[in-house]
Amino acid sequence: MERVVIIGAGQGGFQAAASLRQEGFDGEILMIGDEQGRPYQRPPLSKAYLKGGTVQALSLRPDSFFETHKIELRMGCWVRAIDRANARVEIDGEQIAYDHLIIATGARNLRPQIAGLEHSVGLRTLHEASAIKAFLVNGVRVGVIGGGFIGLEFAAVARELGHSVTVAEAAPRLMARAVSEPMSARFAEKHRQLGTEIILGDGVAEIDAGGFTLASGRYVDTDLALLAVGVVPNVELAKLAGLQVDNGIVVDEMLVTSDPAISALGDCAAFPDPVTGRSIRLESVQAATDHARLIAKRIAKGADAPYRAVPWFWSDQADWKLQIAGLAGPTDTAEELADGTVLRFCGSRITAVETINNAKVHMTARKGMASGVPLTRQKFDVTPAEVLV
Amino acid sequence: MVSITFIQPDGAAQTVQATVGDSVMQTALNNNIEGIFAECGGAMMCATCHCYIDDEWAEKTGDKSDGEDDMLDCAETEVTDASRLTCQIKVTDALDGMVVRLPSELA
Chain A
1 MERVVIIGAG
11 QGGFQAAASL
21 RQEGFDGEIL
31 MIGDEQGRPY
41 QRPPLSKAYL
51 KGGTVQALSL
61 RPDSFFETHK
71 IELRMGCWVR
81 AIDRANARVE
91 IDGEQIAYDH
101 LIIATGARNL
111 RPQIAGLEHS
121 VGLRTLHEAS
131 AIKAFLVNGV
141 RVGVIGGGFI
151 GLEFAAVARE
161 LGHSVTVAEA
171 APRLMARAVS
181 EPMSARFAEK
191 HRQLGTEIIL
201 GDGVAEIDAG
211 GFTLASGRYV
221 DTDLALLAVG
231 VVPNVELAKL
241 AGLQVDNGIV
251 VDEMLVTSDP
261 AISALGDCAA
271 FPDPVTGRSI
281 RLESVQAATD
291 HARLIAKRIA
301 KGADAPYRAV
311 PWFWSDQADW
321 KLQIAGLAGP
331 TDTAEELADG
341 TVLRFCGSRI
351 TAVETINNAK
361 VHMTARKGMA
371 SGVPLTRQKF
381 DVTPAEVLV
Chain B
1 MVSITFIQPD
11 GAAQTVQATV
21 GDSVMQTALN
31 NNIEGIFAEC
41 GGAMMCATCH
51 CYIDDEWAEK
61 TGDKSDGEDD
71 MLDCAETEVT
81 DASRLTCQIK
91 VTDALDGMVV
101 RLPSELA
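Just so you know, the sequences run in chain order A and B. The first sequence begins at 1 in the UniProt record's numbering and counts up one residue at a time. The second sequence begins at 1 in the UniProt record's numbering and counts up one residue at a time.
For the record, the hints were derived by calculation from the structure and aren't laboratory data. A hint or two may mislead.
[What the hints assert, rightly or not] Below, a list of computed lysine to any residue pairs in the SDA-like style, where the Cα atoms sit at most 25 angstroms apart:
1) A:51 x A:188
2) A:297 x B:75
3) B:90 x B:66
4) A:70 x B:16
5) A:47 x B:48
Input sequences plus hints: build the corresponding full structure.
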């Protein structure tokens with residue numbers, strides 16, 4: 001019987017297994033995860049979970065799902081090596097053969113060269129989130145290193161729970177990698193209104209037991225220092241196996257690596273942007289699940305349509321839901337519309353649409369981008385009535 | 001506990017026990033209800049937990065969330081006046097006996 005082995009039991013690995021069954025794949029599916037317990041969702045870890053959410057609500061599916069769909073789980077298990085010549089993976093001395101291998105190893109927190117890193121905590125795994133959750137009682141001083149999605153989502157929750165919060169970002173603006181300058185400015189203002197101190201253009205030079213020292217020399221007293229300065233893709237296994245790696249595990253438009261028996265998806269995969277052809281790597285639920293579905297279709301049915309999905313992202317910060325449709329390059333320009341929507345442009349082409357609490361415009365953008373017809377500026381013209389809402 | 005009955009497009013019914021405070025989406029996932037994919041995990045970023053709620057229950061489920069209709073517009077299944085995203089419906093005692101119909105997949 002044919003066997004698909006999936007390395008990684010996060011959102012992407014799970015979706016690959018579930019989609020394989022949905023597409024009618026009737027071979028064996030084995031999913032290997034390095035964390036304990038059932039596969040779970042990460043996005044709520046920096047949001048609802050910290051505010052009293054349960055572990056059960058994080059589960060992607062109950063145990064019975066994996067039994068019913070004959071998806072074998074090996075949790076708390078590390079893959080030591082991929083033996084491509086013999087099409088096997090090695091886990092703890094055991095060799096497991098595959099007909100097709102899916103690498104869904106995701107990413108891990110970036111730990112920059114800062115003295116005293118051991119005094120900080122990360123927020124990526126359930127284990128880490130649970131420890132932080134337990135610590136967030138009785139009004140503590142929270143320092144957040146990094147003003148990206150995770151750091152700011154966490155900051156908003158910590159403020160809501162009554163803690164004092166300082167965010168230190170090395171770049172001159174928040175979420176600089178993900179959003180336009182006007183959006184960064186609006187979020188900085190929002191967080192300041194929530195009572196969070198936002199420090200920009202001043203990175204952390206050193207962390208110690210009582211807080212951290214900024215590049216400017218200023219010292220921030222903290223009871224908890226959260227390190228949230230981005231992630232690095234888990235590409236080491238692929239590299240060791242001789243697969244092509246460049247920023248992520250390099251895949252083609254069918255999401256196949258340099259070995260035709262191996263696919264890669266999600267945070268760890270560098271794939272050709274369907275719009276520009278450039279190699280990109282996205283850290284998002286959307287990329288992980290859309291990649292997984294395409295790979296599953298290919299394996300189960302031999303489908304050969306290239307990857308075309310429109311990227312989208314979201315971030316919940318207090319009562320603001322930031323939504324981004326599309327993908328802007330770092331030098332793309334920005335135009336703010338009357339209703340608050342920000343359009344990003346590369347030349348005259350709309351590359352991304354950023355909105356806050358505006359699902360209608362967000363979905364219009366996603367649908368428009370998916371249609372393949374270039375979006376026009378006119379599509380986002382708003383009537384005065386809509387501006388008032 | 002609250003009973004909720006999920007009915008598939010082919011008429012197959014499954015009655016499950018729901019926990020007050022969970023979403024209807026979470027209830028469906030916990031009970032392996034076919035047709036609820038819940039890709040975004042209840043963040044209202046997709047429409048893959050779309051269902052139909054009969055009129056008699058619509059009032060008790062409460063109003064739609066802001067933006068729910070906009071997300072429903074993008075559902076890949078047929079949207080009607082009875083359409084809801086089940087991630088936005090919280091299970092309460094008032095929903096005991098509720099019937100939730102699942103959409104047929106569009107070809």
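Tell me the hint numbers this structure goes against, listed in increasing order. Hints that this structure does not satisfy do not exist here, as all of them hold.
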